[in-house]
Amino acid sequence: MRIADLTWSASAFLSAIMIHMLRVANWKDMLLFRIGRRRIFKVAGNSMLPTLKNGDAVMISSSVPIAAGDIVLAQHPYKQSVKMIKRVAAIDDNGRYSLTGDNSDESTDSRTFGTVSIEYIHGKAVCRLRSK
Amino acid sequence: MFDKWRNVDFEIAEAHCDGPCGVYDPSQARIEAESVLQLTKKILDLKAPDAGDQKAGAAYQNTLTRYIAIKEDRAELAKHHLLVLWTDYFKPQHLEKYADLHELFWKSAKLCSACKQEVSLEHAQELMDNIKRVHEIFWETKGKDVPWFTAS
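Protein chains in written order, with the working numbering: chain U, 1 to 132; chain X, 1 to 152.
Misleading hints may appear alongside valid ones.
Said to hold, decoys possible - Cross-link-like lysine to aspartate or glutamate pairs, in silico, DMTMM-like; alpha carbons within 20 Å at most:
#, chain 1, residue 1, chain 2, residue 2
1, X, 110, X, 122
2, X, 110, X, 72
3, X, 142, U, 106
4, U, 79, X, 11
5, U, 83, X, 9
6, X, 107, X, 118
7, X, 144, X, 25
8, U, 79, X, 88
9, X, 41, X, 126
10, X, 91, U, 106
11, U, 42, U, 29
12, X, 91, U, 102
13, X, 97, X, 140
14, X, 132, X, 76
15, U, 53, X, 9
16, U, 83, X, 11
17, X, 107, X, 73
18, U, 124, X, 11
19, X, 47, X, 140
20, U, 42, X, 11
21, X, 144, U, 119
22, X, 41, X, 122
23, X, 144, U, 106
24, U, 42, X, 9
25, X, 110, X, 76
26, U, 53, X, 11
27, X, 91, U, 105
28, U, 124, U, 102
29, X, 142, U, 105
30, X, 97, U, 29
31, X, 142, U, 102
Keep in mind that the hints were calculated from the coordinates and are not lab data.
Excised from the complex, chain U in its bound form:
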C-alpha cells in the first residue's frame, strides 16, 4: 500500500467518525443560544447510542440545511406531543426523509412510521453540551 493510500484511508476513517459524532458546543454556540437562534434539548432514551446517550443535551438549529447523515429533531408523525432525535438515513426522490436510530434494536423510527416530510423536521443537531 502506498503512503498516499494510507493517508487517504486515515482521512476517510476520520471523516466517517466526524460525521457520526457531534462536536462539543463552544462560546459561539452559546451566544446563538442566548439570542434564540438555537434550542437545547435533552435526550431521553437509548435509540441514539453510541452517539448520544440518555441525558445528553444537544443544540438544535433550525436554520441549517438538512442532509443524509445529519442528526435531527423531528416531530413524531402520530404522536403530537413527541419530538424525537433521530438520524437522517436517506432522503428519497420525493424529498421525504427516512429517520433511523443509531441503536436500531431500541429505536422506533421510519421502519415503523415510514418516511416524513420536511415539515416534521424541526432542525439539525449541531453540537452537544459537554457531558460530565
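Starting from the known structure of chain U, arrange chain X on it as the hints suggest.
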C-alpha cells in the same frame, strides 16, 4: 462553562422505542398455545358420567366448564402475544427476508380463534407448529441459536 446548564429543565428529545423495555420472546405465545393443546386433549378425554349420577354430573360439568374457560382465556392470550410480536417487534426489513411473515401471523391469529370455537386437536397442533416457525424466525433475526422446546 456549561455546569450551570446541567440542572436546567430542557425540552425532551425522545430517543425511545415504543416498547421501552425492548424485551420480546415467542415463548409467551408458545406457553399459552401449549395450554390450549393440553386442554383440548383433556376435554376430548373427559368421560361423561351416567345420566342418573347427579353428583358425578355436577363434577363433570364443573370440570368441563373450567377446561373450556381456561382454553378460551389461553387462546386469547396466545393471540395477544402473537399480535404484539407481529406489530411491535417485526419490522419491514424482516418482511423482506421472510416473505411469508404476514401470512404466518394472520393464520396463527385465526387459529387462536378456531381453538376457542372448536375442540380441535388438529388446529391446536397447527397453532403450535406455527408458533414454532415464529420462534425460528424470531431468533434468526436476533442472531441467536435458541432451540425450540415445550414445557409439556
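Numbered hints the structure breaks, given as an ascending list: Violated hints: 19, 21 and 30; rest satisfied.
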